[in-house]
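My request is simple: use the sequences and hints to build the entire structure.
Chains as they are written, first to last, in this note's numbering: chain B, 171 to 426; chain U, 171 to 426; chain A, 171 to 426; chain C, 171 to 426.
Mixed in with the good hints, there may be bad ones.
Below, a list of computed lysine-lysine pairs in the DSS-like style, where the Cα atoms sit at most 30 Å apart [as the list claims (entries may be wrong)]: (1) 423(U) to 202(A); (2) 293(C) to 289(B); (3) 293(C) to 364(U); (4) 425(A) to 349(A); (5) 423(B) to 252(B); (6) 425(A) to 255(U); (7) 252(U) to 349(C); (8) 224(C) to 423(B); (9) 339(A) to 202(A); (10) 333(C) to 349(C); (11) 274(C) to 224(C); (12) 274(C) to 289(U); (13) 374(U) to 364(B); (14) 293(B) to 224(B); (15) 374(A) to 275(C); (16) 423(C) to 425(B); (17) 340(U) to 289(U); (18) 339(A) to 293(A); (19) 392(A) to 224(U).
Please keep in mind that the hints were generated in silico from the structure rather than gathered at the bench. Predicted model only: the values in this text are computed from it and were never measured.
There are 4 protein chains.
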Amino acid sequence: MEDIQNHRDYRNIDIDQVGVKGISYPITVLDKDMGEQQTVALINMYVNLPRYYKGTHMSRFVEILNEHSRRISLQNFTVILKEMKERLTAQSARMEIRFPYFIKKAAPVTGAEGLMEYKCTFKGTLVERPDLVIMINVPISTLCPCSKEISDYGAHNQRGEVKVQVRFKKFVWLEDLIKLVEESASSEVYSVLKREDEKFVTEKAYRNPMFVEDIVREIALKLEGDPNITWFSVESENFESIHNHSAYAYVEKHKI
Amino acid sequence: MEDIQNHRDYRNIDIDQVGVKGISYPITVLDKDMGEQQTVALINMYVNLPRYYKGTHMSRFVEILNEHSRRISLQNFTVILKEMKERLTAQSARMEIRFPYFIKKAAPVTGAEGLMEYKCTFKGTLVERPDLVIMINVPISTLCPCSKEISDYGAHNQRGEVKVQVRFKKFVWLEDLIKLVEESASSEVYSVLKREDEKFVTEKAYRNPMFVEDIVREIALKLEGDPNITWFSVESENFESIHNHSAYAYVEKHKI
Amino acid sequence: MEDIQNHRDYRNIDIDQVGVKGISYPITVLDKDMGEQQTVALINMYVNLPRYYKGTHMSRFVEILNEHSRRISLQNFTVILKEMKERLTAQSARMEIRFPYFIKKAAPVTGAEGLMEYKCTFKGTLVERPDLVIMINVPISTLCPCSKEISDYGAHNQRGEVKVQVRFKKFVWLEDLIKLVEESASSEVYSVLKREDEKFVTEKAYRNPMFVEDIVREIALKLEGDPNITWFSVESENFESIHNHSAYAYVEKHKI
Amino acid sequence: MEDIQNHRDYRNIDIDQVGVKGISYPITVLDKDMGEQQTVALINMYVNLPRYYKGTHMSRFVEILNEHSRRISLQNFTVILKEMKERLTAQSARMEIRFPYFIKKAAPVTGAEGLMEYKCTFKGTLVERPDLVIMINVPISTLCPCSKEISDYGAHNQRGEVKVQVRFKKFVWLEDLIKLVEESASSEVYSVLKREDEKFVTEKAYRNPMFVEDIVREIALKLEGDPNITWFSVESENFESIHNHSAYAYVEKHKI
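Right under this line is the structure:
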């Protein structure tokens, strides 16, 4: 059978990324407490395509995925990128995987346990050396300093979502990144809260009013102080309880 | 050219609904204050298909839409449904249109004006007599009665979304339905709030703590008392600021 | 501490459903080939609330979920519903769980294996007797009979999605429902296809042109003939390759 | 009342972007054929915040939006950005607006008219000089060259979506960008097609097989040849009819 993809192309245009997008796939990721954890990822895999080839071989991406028998981690991310480069005879490879990650979390007073979900993304590119980025989405609670200051009682508060991306020197636990973010909000968000816990988080938030600007600054401050982090971006979105739109802030920093 | 759709089908199965789904279309709707308002709708149009026909004629749905030159309202909804029945020689026709609807709203103290968006849906079926349903999504603010009661200061609050559906005897203004919902929450949600306004909504919410259960009951009470409403359902979802999931309540009532 | 939820309510309105919505949770489901499979579900849990109570106890829903230690199946669905009724002293309980389900599938000619994802939903209500519904979303490929008939060469085709819901007498394997749907399309959809496989599915689709109407009728015919199925609905949506909207058909049938 | 936002901040962290996100707003945009067109946009507005300020003034963003009384265009985009800088005493301002844009399009043989929707985005940043980017999403139809070559009859085809972003020297009509993309696919996508038209598009697609790689190269070639375009990126995603994932390609080019 004819291999159309291998035909010569004469348009003289290099393609930066070509591949498969939106593959839903069960994966196993490392877990600080339990060794590992099974979850479901959404995966994109791309390579470059030099100007003289007509097309890439799409089925090979999924074959590579299958051969790693669902075990995908920061550790073997670079191995997979290398295989993509080799099997598709490319100069660069890129993979993005996004998955929900679960952590057992105890309520602050009663210790009642529940599972919290955090959306996590690993993104990696390999040309000569691998460039890996971890992204984590963390739900938080914020209480408005202005509302507290000007009101005789109460203060509007709301759920927010923080998105942190980092480049790093050595392995980073998702658990540690998440903890860093949760400790930088007016209050944390929980899966199960009994009445004593609800009193605790309500009062804690009221004592710690923070603008969306404060959230990103607190987190940026901590990431700046961590020598293992070489680059970061921090985004915070507050789903304002008094508006039908969000308040948003973004900070990015190359450290080296 | 052969008209395959008109071929005889021998499987003996009536199809309840067949047609086009997900058409994005600019429409003009009636507006209580400004006469009319232009917006963009997502439209589904279906008819039934008797067992002896192989297929319906999909292009006719879009032609009917085009002929109404973008002017779609509760008033001519039934006219369009009739045309669908006739032009597609069907016994029943159904149309659903969903669109953002905008209302100018003044901040409670300063009167600063802003535009609020409300997602609105018209759903109609015509067999013998038309059956029309209006659905409106209204963002609100809720403050937790339990959190207020047990905490020494503050109370968790959050944005919520109420979804009201009604069947009715005579015309209903979207504006009136929206107002009814907004007055049934801990506080309303606004587009622009200056500091004086923020103080007002913060304190108002604190004085009016409501569970998600209270929201649906308050609205149900008002709809029960309105003789023009013959059926309703009320749904409220609170995007809890202390959890990463929602609190939810639902009430439905056939009045006649 | 005051239990506000237990306060008496005087508005005289029963609430049909109240509870938690949108909980992301890792679950284990039965798997015909591998015994069981771990995936991630989106879960809603509701009970009714009689008119004389002010509120339900939201944290108990998540506690019940936690106690079933992530093992959720059609088998213990009713057990969970019973617990919800008891622990929340309710007359009715409802749970909906939606999760991606993975099945290993071999390419039609080369046998190259890949994992296919199918979105699955279990929905159950318990008043006196349990009422369970299984819903499965299956991607398919459809080729237009009209386009094939009137064109000198080629025929437009596209991906479609079929949504089947069933009520049943005894246990139903997801695998069997999925197979029934996949065999009712112009061609099946695969995760990995080598060139020989691509030739096979291309030619198969061309030999089996089907309207969206044909898809729902073929499936309805098979479900009607299955004595284990007591009720079903079949929905098919074609993401038309020649339009920017979908073609859609729906059939529903109470058999008993 | 205290202006908390104006308080001094001591954390020494500049914030790159802070503002409002996800505002739904009716806007009027220029239309090549009809003068102008009313649609509904999703809007984000951000400014930078120097390290010594605690917070920005969120309500001013919406006030600026309101003052432009819904009339937003490429022409006055820079004016709005300037106002944002001034009113929020910032060094940089950024706005992103995304809206559906409608164009009347005639079927290729019968000339039957329908409205096509194209998602359009304007993104602009102003520090010293404005930097504007237009993004347009165009639905297309693609037919696989490999499938056509190796199969005895037929060829799999599907809807795809092309996303083009451009920087430019002088004004660019959305209509012209869209036309350029539509002419670079296996076939165009239409709102209404009669049988003669369906025959035309089916046969046209079969005569013009194109990989996702071909699509981005054809478009890149044309944009490279247009001296008015100073930078572009082209992305194409094919919703494969034989897979449950997409084929994807991306090209980007700085021309000057």
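Comparing the hints with the structure gives:
{"no.": "1", "hint": "423(U) to 202(A)", "in the structure": "42 Å, violated"}
{"no.": "2", "hint": "293(C) to 289(B)", "in the structure": "27 Å, holds"}
{"no.": "3", "hint": "293(C) to 364(U)", "in the structure": "28 Å, holds"}
{"no.": "4", "hint": "425(A) to 349(A)", "in the structure": "22 Å, holds"}
{"no.": "5", "hint": "423(B) to 252(B)", "in the structure": "28 Å, holds"}
{"no.": "6", "hint": "425(A) to 255(U)", "in the structure": "28 Å, holds"}
{"no.": "7", "hint": "252(U) to 349(C)", "in the structure": "37 Å, violated"}
{"no.": "8", "hint": "224(C) to 423(B)", "in the structure": "19 Å, holds"}
{"no.": "9", "hint": "339(A) to 202(A)", "in the structure": "19 Å, holds"}
{"no.": "10", "hint": "333(C) to 349(C)", "in the structure": "13 Å, holds"}
{"no.": "11", "hint": "274(C) to 224(C)", "in the structure": "49 Å, violated"}
{"no.": "12", "hint": "274(C) to 289(U)", "in the structure": "26 Å, holds"}
{"no.": "13", "hint": "374(U) to 364(B)", "in the structure": "26 Å, holds"}
{"no.": "14", "hint": "293(B) to 224(B)", "in the structure": "27 Å, holds"}
{"no.": "15", "hint": "374(A) to 275(C)", "in the structure": "34 Å, violated"}
{"no.": "16", "hint": "423(C) to 425(B)", "in the structure": "28 Å, holds"}
{"no.": "17", "hint": "340(U) to 289(U)", "in the structure": "21 Å, holds"}
{"no.": "18", "hint": "339(A) to 293(A)", "in the structure": "15 Å, holds"}
{"no.": "19", "hint": "392(A) to 224(U)", "in the structure": "18 Å, holds"}
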